[in-house]
Amino acid sequence: MHNHEPPIFELSGQGKIGVNLPQIDVPQSDLPADLLRTDDLAGLPELTEPEVIRHYTRISQRNFAIDTTMVSLGSCTMKYNSKLHEEAARLPGFAAAHPLQGEELSQGALQLMYELQAYLGEISGFDAVSLQPAAGAQGELTGILVFRAYHLDRGDHERVEVLTPDSAHGTNPATAAMAGYRVVEVKSDARGNVDLEDLKRKLSPRTAALMLTNPNTLGLFEEHVVEVTRLVHEAGGLMYGDGANFNAILGIAKPGELGFDFMHYNLHKTFTTPHGGGGPGSGAVGCTAALAPFLPAPRVRRVPQTDQASPPTERGASLRPANAAPLPEGAYEFFVPEKSIGRMKTFHGNFGMLVRAWTYIRSIGAAGLRKVSETAVLNANYVQARLKHVYPAAVERTCMHETVLQGKLAMAPEVRTLDIAKRLIDYGFHPPTVYFPLIVPEALMIEPTETESKRTLDAFCDALLAIAEEAARDPEMLKRAPTTTPVRRLDEVRAARQPILRYDPAVFARLREEGLQF
Amino acid sequence: MTHYIPITDADRAEMLKTIGVERLTDLFEAVPTDHRFPPLRLPDPLSEPELRRELGRLERMNAHASSHMIFLGAGAYNHFVPAAVDQILRRGEFYTAYTPYQPEVSQGTLQAIFEYQSLICALTGMDVANASHYDGGTALAEAAIMAINVVRGRRKIVVAPGVNPQYRAVMRTLLQGVDVEITGDENPEASLAEVAALVDQTTAALVVQSPDFFGVLHDLRPLTTAAHAAGALMVAHFDPIALGLFQTPGEAGADIATAEGQPLGVGLSFGGPYLGIFTCRQQYVHKIAGRLVGVTRDVENRLAYVLTLRAREQDIRRERATSNICTNQGLMALAAAVYLSLVGRQGLRQVAELCYHRAHYAAAQIAQLPGYQVLDRGPFFKEFVVRTPRPVGAINAALREQGIIGGYDLSGDYPHLGDAMLLCVTEMNSRADIDALAAALRAVA
Ligand SMILES: Cc1ncc(COP(=O)(O)O)c(C=O)c1O
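Chains as they are written, first to last, in the working numbering: chain S, 74 to 591; chain P, -1 to 443.
Derived by calculation from the structure, the hints in this document are not laboratory data. Warning: the hint list may mix true and false statements.
[As the list claims (entries may be wrong)] Cross-link-like lysine to aspartate or glutamate pairs, in silico, DMTMM-like; alpha carbons within 20 Å at most:
#	chain 1	residue 1	chain 2	residue 2
1	S	Lys156	P	Glu48
2	S	Lys481	S	Glu469
3	S	Lys275	P	Glu48
4	S	Lys156	P	Glu317
[Said to hold, decoys possible] Label pairs and their computed distance ranges (CB to CB):
#	chain 1	residue 1	chain 2	residue 2	range
5	P	Arg88	S	Asp113	29 to 35 Å
6	S	Ala395	P	Pro220	33 to 39 Å
7	P	Gly401	S	Ser526	35 to 41 Å
8	S	Pro401	P	Asp198	26 to 32 Å
9	P	Glu192	S	Ala395	49 to 55 Å
10	S	Thr556	P	Ala81	48 to 54 Å
11	S	Leu109	P	Thr223	54 to 60 Å
[Claimed, not checked] Chain P side only, calculated, beta carbon under 10 Å to chain S, not exhaustive:
#	residue
12	Thr0
13	Glu12
14	Ala61
15	Tyr75
16	Ala110
17	Thr136
18	Asp198
19	Gly242
20	Phe244
21	Gly369
22	Gln371
23	Leu373
24	Asp374
25	Pro387
In this text, all values refer to a predicted model and were calculated from it rather than measured experimentally. Ideal Cβ placement from N, Cα and C applies to all residues, glycine included.
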């Protein structure tokens, strides 16, 4: 395979253009001379369409992705992304609709959103859903701000702490801090659950919430989840559910029935909207009826006869301009929940992702969703069973949709998880998540998902077992890995010490002089 | 089995044996029995042909850029998206890839983001661009948060009333839990000079938008001077297409500059996914939120790209991170990179010129119509305000009958303007479209 592709700027040639634009067909107006940019856009490259396509196609081939290999990243749910979903989101009535064109012209989009709100609520056992948050972390912030508003609304001003388990994802404490809370960490016990004694010690009248991922980041179902939610509620706190691991429990358990008050769904995990190399996602959220009035605006409802005729979870002002003619009863409209915390982002959420998630739920239905979770859990336990004799499990238990193993090999103590992960690349697999959760030394967090075949799972396990043998025989070989990739191990310290964060011809000329190949 | 699950019954039996349990349901014993296997009341699943029919039914109930002439902007813009952009986004190697934490198998994504960052820096004249925020509104809110972190001990953000009302709303939502005062936009008629006069020794940042929500272009240099004189940062929100012609935030001396990147090759998509562009000066790079791609080398001395300065981020810094952002809008950043590569230096200027001249033509046509008044608020780019002889809702209803999506009704956000709409004209609106709009407006006056 081709090894190099220069930065696009080095393919530029004066006078080239890659688009075919209309002529100016109107009289030209004067430009305000004092407001013009003065550099003639000199930093932008000039290329034709074939050059641009070849450049980006060539660099795309330097990626591992679900379409090319198993991506067993724990906590990320890298399942197959249906091609139908891509077609659906690109239908012109979805892809080329303006977000402010008005409900009269958007009934199909609104119906889809309304139905998705209902489906997500049903799957998770919640009374109300907002589709607005853009990603999981924004869903978390939505939840904690809703909790804050709820406590304040009740005149409860003393709750200044948010509890997060020591196994929590980094977004949990970062979110709590962003919302103005002090973060208090709760320990995990030997079976990987929240340590009930530590939880009791840390709960107090200052507790606003506990943020819990269930199954947790060890891939384990919280065995005392009902007890945990009861204790938090007794202390006057609320239960936040981080839904990153929802793929394990579709049709298996409903967080709303387990005592959670609020959760986010990562539509880009569980409901297979593609990760896009880092985003976009969608962090839709669900909650109990008591919290519904605080949800971010706008949500979608059917036009009621009168506002009082709305179900309690759908009360609030219509978003329509005051002078617009009313919509017929039963039509779909946006509304602002009565005590809404406000808008989390512009417009109505990452709508293109909502179309994909809706399409997914409609194509596999209730039985299909349960099948998804059953198979995801089966696959993870199978991988765990095949590997745990060599790679010790962080906790010896039946896991859910992912298993956390350790890259601690009895026969090769100098080899680290990082080396194993890098060597796996030479076998053609994307590495699992490594060094997370933080409480597990040398963590190797494997989430196969339900869309991998047994044949692939076996090849993956065989590769890891072969690597363990290689480690015993020739640990240096692992330290040198990967050797089959367009680039090998990187000097990451240099990247941070002397940051080069944009293309600069002089800097790149110097790098060439230093002998760098590109 | 669904067509997405490749485990056969025979596979399952064998796998259960390896695991050492008898039944699949044995794997779920940790779930409390009374909550285990709840029924899900969902509609019956549909086959792909049936589903396509249902999707088509919903899709056809929506207006869109091919069914209607769109003269509506207000934060989402009907700009031209070259076919080549989507062809790149559709490559499975890009859109089904994860965040590039493993650089050896992610050089494609990493190089694309590095090029995106570079293109955005070239476009804006700023030093550093991150790998994206969720959208223009959250990028601007993060700019306010960053300013609070940079200018220690100051808890006030002064924001101009001409900043998109949704962005100001987002900023207030995201900052409601922390002790920060957001002020400056109480008087919707305040001029930028009046707003800048509110910046004092307790102010962390002055936040302005140019072109502002009404489409008006501003010279931001005097505002930067005023902000810096008080020790505050200058935060400028811009329109990336306008930069094909007009003053860049870099030239204006901005410390942080943000934008809605949707005009750069990202379709309307009923409001998302869009692209939050975030840039700043070099000296603040350690306070920036989100991901950054840098350059380094591998053990064989090949140039390589990698996520860098990661110690700012939530997975490492946890409650002391600069932001909680994790998943961003990476694929939309790729779209912007491909778009900017295609239009390049000449094309971007051409797009900006088309917008400018057609918008001015439209304003001139509408100004001649009896009952309509184009407000002169200064030089404008692609949007302008028109006072209407009847409430905007009624006008827009009449325009809909003609297949036209009219302007944004300003009466809710800016009641002092009376009956007024914000019209938007881009390179997608031909002269004939504009004439049709003018004729339709004349007819409803
Ligand atoms: C457990 C957990 N919580 C939260 C998040 C954050 O979600 P997002 O990246 O969508 O913001 C992640 C994402 O990786 C996660 O794994």
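Status of the hints after comparison with the structure:
Between the alpha carbons of Lys156(S) and Glu48(P) the distance comes to roughly 16 Å, so the proposed pair stays at or under 20 Å and holds. Using a Cα cut-off of 20 Å, the hinted pair Lys481(S) and Glu469(S) holds, with the two alpha carbons roughly 15 Å apart. A threshold of 20 Å between alpha carbons decides the hint, and for Lys275(S) with Glu48(P) the separation of about 53 Å lies outside it, so the pair is violated. This hinted pair does not check out: Lys156(S) and Glu317(P) have alpha carbons roughly 38 Å apart, beyond 20 Å.
At about 34 Å, the beta-carbon gap between Arg88(P) and Asp113(S) stays in the expected band of 29 to 35 Å. Judged by the Cβ atoms, the range 33 to 39 Å given for Ala395(S) and Pro220(P) holds: they are separated by roughly 37 Å. The beta-carbon spacing between Gly401(P) and Ser526(S), approximately 50 Å, falls outside the hinted interval of 35 to 41 Å. Separation of Pro401(S) from Asp198(P) is about 52 Å and departs from the stated range, judged on CB atoms against 26 to 32 Å.
The hinted range of 49 to 55 Å is not satisfied by Glu192(P) and Ala395(S), whose Cβ atoms lie roughly 28 Å apart. Roughly 39 Å separates the CB atoms of Thr556(S) and Ala81(P), a value that falls outside the hinted 48 to 54 Å. Between Leu109(S) and Thr223(P) the Cβ separation comes to about 20 Å, which falls outside the hinted range of 54 to 60 Å. Interface restraint check for Thr0(P): the shortest CB-CB distance to chain S comes to about 5 Å, inside 10 Å, so the restraint holds.
Contact between Glu12(P) and chain S, as hinted, is supported at the beta carbon level, the nearest pair being about 7 Å apart and thus within 10 Å. About 4 Å separates the beta-carbon of Ala61(P) from the nearest beta-carbon of chain S, less than 10 Å, and the hint is met. For Tyr75(P), the shortest C-beta to C-beta distance to chain S is roughly 9 Å, which falls under 10 Å, so the interface hint holds. Look at Ala110(P): its Cβ gets to within about 6 Å of chain S, closer than 10 Å, so that hint holds up.
About 5 Å separates the beta-carbon of Thr136(P) from the nearest beta-carbon of chain S, less than 10 Å, and the hint is met. Restraint check, Asp198(P) versus chain S: the minimum CB separation of about 24 Å is more than 10 Å; hint violated. Because the beta carbon of Gly242(P) sits about 7 Å from the nearest beta carbon in chain S, less than 10 Å, this interface hint is met. The interface hint given for Phe244(P) holds, since its Cβ lies 5 Å from the closest Cβ of chain S, which is under the 10 Å cut-off.
The restraint placing Gly369(P) at the interface with chain S is violated, with a minimum CB-CB distance near 16 Å, outside the 10 Å limit. The criterion of a C-beta within 10 Å of any C-beta in chain S is not met by Gln371(P), whose closest approach is roughly 18 Å, and the hint is violated. For Leu373(P), the shortest C-beta to C-beta distance to chain S is roughly 17 Å, which exceeds 10 Å, and the interface hint is violated. A cut of 10 Å between beta carbons decides the hint on Asp374(P): the least distance to chain S is about 13 Å, and the hint is violated.
Checking Pro387(P) against chain S by beta carbon gives a least distance of about 13 Å; that is not within 10 Å, so the hint is violated.
When each numbered hint is compared with the structure, violations occur for hints 3, 4, 7, 8, 9, 10, 11, 18, 21, 22, 23, 24 and 25.
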